[in-house]
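Novice: Chain residues, written in single-letter form:
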Amino acid sequence: MMAQMLKNKVYGWLDQRFALGTMQELAGKKTVPVHRHSIWYYMGGIAVMFLIIQVLTGGLLMLYYVPEISAAHASIVTINSQVDFGWFVRSMHSWGANLMILALFVHLFTTYFLKAYRPPREITWLTGLGLLVVVFGFGFTGYLLPWDEVAFFATKVGLDIASQVPFVGETIATILRGGADVSQATLSRFFVIHVFLLPLALVALMGVHMLMVQLHGMSRPDSVKDQAVREEKFFPTFVLKDLMVWLLLFNLLAAFVSFYPWGLGPEADPFAAAPAGIKPEWYFLGMFQFLKVLPAYIGPFEGEHVGMALFALIGLAFVVIPFWERGQNPVRKMWAELFGSVILFLFIVFTVWGMLL
Amino acid sequence: MSSDDLAQHDALQADDKLMAQVVSRRTFLKATLGLFAAGWVSMMVYPFFRYLTSSVKLSGAEEVTSVSLGGAETLAPGTGKNFQFGSKPALIVRDTDGTFHAYDAMCTHLGCTVQFKDAKDGIWCACHGGKYDPSTGKNIAGPPPKPLAKLDVAVVEGNIIVSKPGVTLSNKAVES
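First to last, the protein sequences are chains A and B. All residue numbers for the first sequence refer to our numbering, where the first residue is 1 and numbers rise by one. All residue numbers for the second sequence refer to our numbering, where the first residue is 1 and numbers rise by one.
Think of the hints as simulated: they come from the structure by calculation, not from any bench. Treat the hints with care, as some may be off.
[Said to hold, decoys possible] Straight-line Cα separation of at most 27 Å, DSSO-like style, residue types lysine-lysine; simulated pairs:
1. A:Lys279 / B:Lys30
2. B:Lys88 / A:Lys279
3. B:Lys88 / B:Lys146
[What the hints assert, rightly or not] Label pairs and their calculated CB-CB ranges:
4. A:Tyr297 / B:Leu33: 49 to 55 Å
5. A:Ile39 / B:Arg50: 37 to 43 Å
6. A:Lys233 / B:Arg50: 53 to 59 Å
7. A:Lys241 / B:Val45: 45 to 51 Å
8. A:Val192 / B:Tyr46: 57 to 63 Å
9. A:Met218 / B:Ala37: 41 to 47 Å
10. A:Gly277 / B:Val45: 39 to 45 Å
11. A:Leu63 / B:Met44: 33 to 39 Å
12. B:Lys30 / A:Arg230: 57 to 63 Å
[Stated by the list, open to error] Output of the computed footprint for chain A on chain B, the stretches with three or more beta carbons under 8 Å from beta carbons of chain A:
13. 117-130
14. 139-149
Please read these numbers as outputs of a predicted model, since none were measured by experiment. Every residue, glycine too, gets a C-beta built ideally from N, C-alpha and C.
All chains, full assembly: derive it from the sequences and hints.
Specialist: Below, the structure written as structure tokens:
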């Protein structure tokens, strides 16, 4: 009796201040369609789960990590070997990052093939692409922080590629590098980008992305558009299912972390040769392999310039697709599907090729 | 159009002409404000741009024109080694006939550091598989678009001295 009264009182107090009633009403209206492609609705949420892990483990790593070139590598060694469960936290950050990117790739391509980018969801699609760029930025900057051999050369190559963008490339590369060589200035900048700048961008983009999802609701693919489709409540049905998936994948992550703790290469020596067998992370490997097999010159152009122009065009195609394929023209739909399939196929082929070499 | 409309139209046009001759206060203020705003933005952006592009040497790497690599006998014919030339990585190779060649070790493709692999592969870049001729530095295979930049090598009193091209050995301090 007392407890009930107290509960009502607290609820009343909160309701007056946060309009809980309105929120409950809105939440009650939110539904998710149930059909044979429903599984893909979980992908964005999975990425969010991994992101939460990244934020928490990232914050923990900052307690021991030192962003200084003579101390960075040693501080990771300390985390891995001296700090209690340091290896666990660091592995979780590295494995989590990779699984998050994997989830995002699946999210991107399934969204693409289910054509959820179509009007009115262009902004959702574009902020999603922006988020992928931000996440690549996290991957690229975070990779340097342990200051090991492969990280050093990956950064060198990555910034060299950036410097070859016409007109602005050299300036951008210099700003990122903090000079002409990969040095302390680079490490400081990458650290600031990784823990300050990109998180800001991520929060902003994610806010818009999720707001759009709330406004438009879940997209229904063409194949189930005309069918009478059952809708399930978002609260609590879908949320509980979401949490089940999260729990499952969190355990998968913990298994990877425990059985395959993330390694650390030898400390970077800026004056030593690049080690044999050097490769970027798997999500850049396809592009890397493609650049590697291009000849030095294609016609009058340097091979890598042609390759980069091609990457830029593919990126541009992903940006314009929602404005071009709006679900009204079956020929365009066919071309969009063909384009997506070819890109996905090439991405897989070049990534696997890069892994085998 | 009625004649009234036409008259009004003419009057408006006359007004426009007058306006064209005398810039209105609104236009003038808008333009001035715009100019000030642009100036203000540039003044705010410029210091931050310079701050970000400033190339300050954080670790005391100084400009180096030559380095000594020790006795010539330390590098056997048909081998090579990487070394530090000022703030840059460099590579020295000894031909089977005993002559030395030194290069800036930065691959002309995407800036990785190259190495001397063996007699068969010559100078090789681990990042993208580019190859260079050890005795000329010429790009011979893979993606590199240009030859490696050369450094001068001299053997002075049995010591290998590598220097920037064009720097004469007599008037420079040899560092070790």
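Novice: Run the structure past the numbered hints and jot down the numbers of the failing ones, going up.
Specialist: 1, 5 and 8
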